[in-house]
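S.K.: Read off the chains here:
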Amino acid sequence: MSRLENELRSALSREEPSPDFTDRVMARIQSLPAKTEQEKREKIGWLSKIIAIFEPFQLKWAMAAALAILMLFAGLSLHRYRENQRMLAEIAEGERARQQVLLAMKLTSEKLNFAHRKIQQSVENRK
Amino acid sequence: MHRPERPPEEVEEREKTLARAKSGDQAAFAILVREHQSMVFSLAHYFFRNRTLAEDVAQDVFLHLYQNLGSIESNDHMRYWLRRVTGHRCIDHARKHKLQTVSVEDAPEPVSMFDMPDAMLRTTLRRIVATLPEKPRLVVTLRYQEDLDPTEIARVLDMPVNTVKSHLRRSLAILKEKVTRCLGEVEV
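If you read the sequences in order, they're chains A and B. The first sequence lines up with residues 0 to 126 when you count with numbering that gives the first Met the number 0. The second sequence lines up with residues 0 to 187 when you count with numbering that gives the first Met the number 0.
Hints are computed from structural coordinates only; laboratory data are not their basis. Heads up, some of the hints might be wrong.
Stated by the list, open to error - If you anchor each label on the Cβ, the simulated ranges turn out as follows:
no., chain 1, residue 1, chain 2, residue 2, range
1, A, S1, B, E72, 34 to 40 angstroms
2, A, A61, B, E133, 44 to 50 angstroms
3, B, D55, A, F72, 50 to 56 angstroms
4, A, I49, B, K134, 40 to 46 angstroms
Unchecked claim - 25 angstroms max Cα-Cα, derived SDA-like pairs, lysine to any residue:
no., chain 1, residue 1, chain 2, residue 2
5, B, K175, B, A118
6, B, K175, B, E133
7, B, K15, A, M25
8, B, K21, A, S30
9, B, K164, A, E4
10, B, K21, B, K95
11, B, K164, A, S30
This one's a predicted model, so the numbers in the text were calculated from it and none came from an experiment. All C-beta atoms in this analysis are idealised placements derived from N, C-alpha and C, irrespective of residue type, glycine included.
Construct the complete structure from the given sequences, taking the supplied hints into account.
M.R.: Structural data, given as structure tokens:
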């Protein structure tokens, strides 16, 4: 071991604090109980926290939060319901339009067949 | 460095004191404070080079110990816990308050012409240790004040053993160089 290391050991040897150090620590501890209780309360486990929610004061806030969540959920559901209804109406409208087109094509086809038959008859009569 | 073993009766007596303190006996806690105050205070003192600040930090550490006595398993665990909390408190305090380390070149001349060379060297060493960056300063203090080996220091300060070794190596080189510069021909 080098002289430097030996000297460091001597230089950094333990020192005592002021003679009244312990008394001051104990005095601070004496003034601690109220704070300690509060800290203990802060350190309660998760189960106690859940139970604490059901204390009257906490319950009020819990209910307000639940109500807010419920309202948000209801609003979102209503919005989605309306979107759904709008889409269904659009689909029904499309279907109605398709039926009309088919009907028109059917009528046109019948008229064309009728005209074709008439032409055939007049050709045969001339012969 | 040899660490003397404590006789079994003394170890038993200390464990009993700890048990009494844990059960709420404040007189027993005062005994624990008296027993460990020099360790906690010195760690903070060599870190801050300020007695008042070191005492404040040491008091906070013991208050924290009082509030966490339930988690202390033995006297060895308590010593480890105190070193660890003191180290972290010192670093936190220094960072929070952005404490400036004094460069050894800027520090006032510490040595009286009438001091013995060894005393001169020790005073100078303390001043130079105080100029090291925070973590190396703590590493050096734990190594030479508390006689901990690099593995123990790594556990206390939550850092890899190789980092501790490198801090020690570099710090010793800096100390040697600065001491030589300050004291000239003194052989270190």
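S.K.: Now look at each hint and say whether the structure bears it out.
M.R.: Hint check results:
| no. | hint | result |
| --- | --- | --- |
| 1 | A:S1 x B:E72: 34 to 40 angstroms | 37 angstroms, holds |
| 2 | A:A61 x B:E133: 44 to 50 angstroms | 46 angstroms, holds |
| 3 | B:D55 x A:F72: 50 to 56 angstroms | 53 angstroms, holds |
| 4 | A:I49 x B:K134: 40 to 46 angstroms | 42 angstroms, holds |
| 5 | B:K175 x B:A118 | 16 angstroms, holds |
| 6 | B:K175 x B:E133 | 18 angstroms, holds |
| 7 | B:K15 x A:M25 | 20 angstroms, holds |
| 8 | B:K21 x A:S30 | 18 angstroms, holds |
| 9 | B:K164 x A:E4 | 14 angstroms, holds |
| 10 | B:K21 x B:K95 | 32 angstroms, violated |
| 11 | B:K164 x A:S30 | 43 angstroms, violated |
The earlier numbered hints that this structure contradicts are 10, 11.
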